[in-house]
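A.B. asks: Construct the entire structure; sequences and hints are all you get.
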Amino acid sequence: NAGVTQTPKFQVLKTGQSMTLQCAQDMNHEYMSWYRQDPGMGLRLIHYSVGAGITDQGEVPNGYNVSRSTTEDFPLRLLSAAPSQTSVYFCASTNQGDTEAFFGQGTRLTVV
Amino acid sequence: QQPVQSPQAVILREGEDAVINCSSSKALYSVHWYRQKHGEAPVFLMILLKGGEQKGHDKISASFNEKKQQSSLYLTASQLSYSGTYFCGTANTGFQKLVFGTGTRLLVSP
Numbered sequence: 363n364a365g366v367t368q369t370p371k372f373q374v375l376k377t378g379q380s381m382t383l384q385c386a387q388d389m390n391h392e393y394m395s396w397y398r399q400d401p402g403m404g405l406r407l408i409h410y411s412v413g414a415g416i417t418d419q420g421e422v423p424n425g426y427n428v429s430r431s432t433t434e435d436f437p438l439r440l441l442s443a444a445p446s447q448t449s450v451y452f453c454a455s456t457n458q459g460d461t462e463a464f465f466g467q468g469t470r471l472t473v474v
Numbered sequence: 002q003q004p005v006q007s008p009q010a011v012i013l014r015e016g017e018d019a020v021i022n023c024s025s026s027k028a029l030y031s032v033h034w035y036r037q038k039h040g041e042a043p044v045f046l047m048i049l050l051k052g053g054e055q056k057g058h059d060k061i062s063a064s065f066n067e068k069k070q071q072s073s074l075y076l077t078a079s080q081l082s083y084s085g086t087y088f089c090g091t092a093n094t095g096f097q098k099l100v101f102g103t104g105t106r107l108l109v110s111p
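Chains as they are written, first to last, in our numbering: chain C, 363 to 474; chain D, 2 to 111.
Wrong hints could be hidden among the right ones.
What the hints assert, rightly or not - One-sided and incomplete, this derived list gives chain D residues near chain C with beta-carbon spacing under 8 Å:
| hint | residue |
| --- | --- |
| 1 | Pro43 |
| 2 | Phe88 |
| 3 | Gly102 |
Unchecked claim - Here are the simulated DSBU-like cross-link-like pairs (lysine-lysine), alpha carbons at most 35 Å apart as the crow flies:
| hint | chain 1 | residue 1 | chain 2 | residue 2 |
| --- | --- | --- | --- | --- |
| 4 | D | Lys51 | D | Lys38 |
| 5 | D | Lys27 | D | Lys98 |
| 6 | D | Lys68 | D | Lys38 |
| 7 | D | Lys51 | D | Lys69 |
| 8 | D | Lys27 | D | Lys69 |
| 9 | D | Lys98 | C | Lys376 |
| 10 | D | Lys27 | D | Lys60 |
| 11 | D | Lys38 | C | Lys376 |
| 12 | D | Lys98 | C | Lys371 |
| 13 | D | Lys98 | D | Lys69 |
| 14 | C | Lys371 | D | Lys60 |
| 15 | C | Lys371 | D | Lys38 |
In short, the hints are calculated from the structure, not lab data. From a predicted model like this one, the values you see are computed outputs, not experimental measurements. Glycine included, every Cβ here is placed at the ideal spot set by N, Cα and C.
C.D. replies: So, in C-alpha cells, the structure goes:
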C-alpha cells in the first residue's frame, strides 16, 4: 500500500525555470492539498482540491498552479521558479477531511 | 490565517509533562494535531470536533474550547519518542481547507 507518493524527492532549479512536482495517492481520497514548509513558518497551505476538477487557493498560492484531472493525481506547477520558492513541499490527502490526513515524504526544492 | 501555537519550543526530561496550546482568531469547527520528526512527514495524532467527539490517539489527550477558540495538547509522562515538532491545524466547516500553525518543537531528553 503506497499511500501518498511524491516525486522527485530532491530538485535544484535555476531562477526562471519551470517544473512540476508530482503527487499521487492510491487510497481513493477526495481531498488533496499542497503545503510548503519553511523554518519558523510551519506548514503553509498552497492549494487544495476536494475532488477531480475542483481546486482552490490556500494561504500562499502566488507562483503556483494546480489541476486535478483524476482522483489519484494532484500535480503542483511552478511556472517561473524564484529563490523565495526554495522550500520543502508536502502533498497530503484525506477522505472528506474529518479523518486522518496522509502526507507524502516531501520534495526538497532549491532554487538558485 | 494560521492558528497561533505556544510555546514555540519546549525541553523536557523523560517522564515530565507538557502542554501545547493552539488558538485561532476565527471560529473553530475542528482542531487537528500532527507530529513531525526531523526529516520526516507529519503524522496524524488526533482530531477534535465541535460537540466533543475525538478521533485518534488514545495515549495523548487534548481539549477543545469552542467558545475561546482554543485547543490544548497534553503530553504526560513524556517519552523520548515524543520528541518532534507538533502542529495544530484548523479546518473550515466542510474540512476541505486545513490550515496549520507554526509548530511547537518538543525535545525530550533522558
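A.B. asks: All hints are to be evaluated individually against the structure, with a verdict given for each.
C.D. replies: Status of each hint after checking the structure:
1. Pro43: holds, 5 Å
2. Phe88: holds, 6 Å
3. Gly102: holds, 6 Å
4. D:Lys51 with D:Lys38: Roughly 28 Å between the alpha carbons, so the hint for Lys51 of chain D and Lys38 of chain D holds.
5. D:Lys27 with D:Lys98: Holds. Lys27 of chain D to Lys98 of chain D sits at ~13 Å (cutoff 35 Å).
6. D:Lys68 with D:Lys38: holds, 32 Å
7. D:Lys51 with D:Lys69: holds, 12 Å
8. D:Lys27 with D:Lys69: Status holds; Cα separation ~10 Å.
9. D:Lys98 with C:Lys376: OK: Lys98 of chain D and Lys376 of chain C at ~31 Å, within 35 Å.
10. D:Lys27 with D:Lys60: The given pair, whose Cα atoms are some 29 Å apart, holds under the 35 Å limit.
11. D:Lys38 with C:Lys376: Distance of about 30 Å is within 35 Å: holds.
12. D:Lys98 with C:Lys371: Cα-Cα ~25 Å, so holds.
13. D:Lys98 with D:Lys69: Given that 35 Å is the threshold and the Cα spacing comes to 21 Å, the pair holds.
14. C:Lys371 with D:Lys60: holds, 33 Å
15. C:Lys371 with D:Lys38: Status holds; Cα separation ~17 Å.
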